[in-house]
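A.B. asks: Just need the whole structure built from these sequences, with the hints factored in.
In order, the protein sequences belong to chains A and B. Letter 257 of the first sequence, counting from 1, is numbered 256 in numbering that gives the first Met the number 0, and no numbers are missing. Letter 3 of the second sequence, counting from 1, is numbered 2 in numbering that gives the first Met the number 0, and no numbers are missing.
Since the hints were derived computationally from the structure, they do not count as laboratory data. Warning: the hint list may mix true and false statements.
Below, computed lysine to aspartate or glutamate pairings styled on DMTMM-like, alpha-carbon distance capped at 20 Å [as the list claims (entries may be wrong)]:
1. Lys103/B with Asp15/B
2. Lys51/A with Glu7/B
3. Lys103/B with Asp47/A
4. Lys103/B with Glu28/B
5. Lys118/A with Asp108/A
6. Lys140/A with Glu45/A
7. Lys103/B with Glu59/B
8. Lys114/A with Asp102/A
9. Lys114/A with Glu133/A
10. Lys103/B with Glu45/A
11. Lys118/A with Glu141/A
12. Lys103/B with Asp45/B
13. Lys114/A with Glu91/A
14. Lys51/A with Asp15/B
15. Lys51/A with Glu104/B
16. Lys186/A with Asp79/B
17. Lys103/B with Glu7/B
18. Lys103/B with Asp71/B
19. Lys140/A with Asp102/A
20. Lys186/A with Glu217/A
21. Lys103/B with Glu57/A
22. Lys118/A with Glu91/A
23. Lys51/A with Glu28/B
24. Lys114/A with Glu141/A
25. Lys186/A with Asp203/A
26. Lys51/A with Asp99/B
Here is what each chain is made of, one letter per residue.
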Amino acid sequence: MCATCGCGQKDHSHNHEHTHHHGHGHGEGHAHPHPSGAGGRTISLERDILEKNQLLAERNRGWFEGRGILAVNLMSGPGAGKTTLLIRTLGELNGRISVIEGDQATSLDAERLSKSGAKVTQINTGPGCHLDAEMVARGLKELLPPPGSIVMIENVGNLICPALFDLGEGARVVLFSITEGEDKPLKYPHMFRAADLVILNKIDLLPHLDFDADLAEENARRVNPEIGVIRLSATRGDGLDEWRRWILDRLPIREHDRA
Amino acid sequence: MHELGITENIVAIVRDHARGQPVTRVSVEIGRLAAVSAEALHFCFDACTRGTELENARLEIIDVPGARTCRDCGRETNADHLPAPCPCGSWNTLTTRGMDLRVKEMEIA
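C.D. replies: Structure follows, in structure tokens:
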């Protein structure tokens, strides 16, 4: 038996042409030694660059799971209506939601949300353009959400960076508004690929805009065939029922499981 | 500009192993579909390594091509950007390669 491929034939070659080569040229002249053994010592690391965040995210996930809490990572570009949607959501699910509010600066959104009576913790990321798992862990210590509740994590308004950072959430939701154009999912594919649900917001403006909502949905599914879609107007209230059901369906401890 | 955070992670992983010894080379694998810019990494690397064991280290970025499998025709084909339909026309694809963000190795003096 051939020891390389395990087939019955004894003598056959496993070599094949390798027509390109990986050049080791230096366009710009710079000197460095190419030693093998002499001086430099190569150490293999093979470590995931985001492993620290990943580990902390898993810790958060366990924290949520142990308490039967649903954590939702809510992401969008600036101005898509995250905070307005949150205020409406707090109204729909009164007393069951607390919020971790991420912004680069100010506590304006936290103040807006606090008026509804919900517990809100503000995290300012400063130079950072996204929330990470450590910030969320810090926020949770302050927020102390009760078991069986919902934690809404409003990420920094940015359609690029938050896609890469797992927070330990149970669901990822990306919001985009119809004033942004149907091609948003194609332009920011990483964000839409990482999401469980896309909310198409501000649909009350449809009669005034040249926006093809079906095309927007199709574009989102091109990037992520499994993504769910809800058309919604946070100001007028369309789609809020569906959104509330979507949240409640994902609660680790459902109503009928209790008692 | 998440490359700053990415670079801080690279530097932390390497410093963890260097323990004060000067590092001459750091090699990382970056997938073409990982949404990380090599140019920005080089820029951040210079800033993040100042005053550390990595100050004179060269950052070597190994480019990992992307690929996806079509859920309709079953073929795996190369893809260097997202989103892109399978040559059969289907958009129903699963990314299989090119998401890598990995510190591969380092060289100490």
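A.B. asks: Decide, hint by hint, whether the structure agrees.
C.D. replies: Right, here's what the structure says about each hint:
{"no.": "1", "hint": "Lys103/B with Asp15/B", "in the structure": "holds, 14 Å"}
{"no.": "2", "hint": "Lys51/A with Glu7/B", "in the structure": "holds, 11 Å"}
{"no.": "3", "hint": "Lys103/B with Asp47/A", "in the structure": "holds, 9 Å"}
{"no.": "4", "hint": "Lys103/B with Glu28/B", "in the structure": "holds, 6 Å"}
{"no.": "5", "hint": "Lys118/A with Asp108/A", "in the structure": "holds, 13 Å"}
{"no.": "6", "hint": "Lys140/A with Glu45/A", "in the structure": "violated, 33 Å"}
{"no.": "7", "hint": "Lys103/B with Glu59/B", "in the structure": "holds, 10 Å"}
{"no.": "8", "hint": "Lys114/A with Asp102/A", "in the structure": "holds, 18 Å"}
{"no.": "9", "hint": "Lys114/A with Glu133/A", "in the structure": "violated, 27 Å"}
{"no.": "10", "hint": "Lys103/B with Glu45/A", "in the structure": "holds, 4 Å"}
{"no.": "11", "hint": "Lys118/A with Glu141/A", "in the structure": "holds, 10 Å"}
{"no.": "12", "hint": "Lys103/B with Asp45/B", "in the structure": "holds, 19 Å"}
{"no.": "13", "hint": "Lys114/A with Glu91/A", "in the structure": "holds, 15 Å"}
{"no.": "14", "hint": "Lys51/A with Asp15/B", "in the structure": "holds, 12 Å"}
{"no.": "15", "hint": "Lys51/A with Glu104/B", "in the structure": "holds, 18 Å"}
{"no.": "16", "hint": "Lys186/A with Asp79/B", "in the structure": "holds, 15 Å"}
{"no.": "17", "hint": "Lys103/B with Glu7/B", "in the structure": "holds, 16 Å"}
{"no.": "18", "hint": "Lys103/B with Asp71/B", "in the structure": "violated, 34 Å"}
{"no.": "19", "hint": "Lys140/A with Asp102/A", "in the structure": "holds, 18 Å"}
{"no.": "20", "hint": "Lys186/A with Glu217/A", "in the structure": "holds, 14 Å"}
{"no.": "21", "hint": "Lys103/B with Glu57/A", "in the structure": "violated, 23 Å"}
{"no.": "22", "hint": "Lys118/A with Glu91/A", "in the structure": "holds, 15 Å"}
{"no.": "23", "hint": "Lys51/A with Glu28/B", "in the structure": "holds, 17 Å"}
{"no.": "24", "hint": "Lys114/A with Glu141/A", "in the structure": "holds, 18 Å"}
{"no.": "25", "hint": "Lys186/A with Asp203/A", "in the structure": "violated, 24 Å"}
{"no.": "26", "hint": "Lys51/A with Asp99/B", "in the structure": "holds, 15 Å"}
Taken one by one, the earlier hints fail for this structure at numbers 6, 9, 18, 21 and 25, listed in ascending order.
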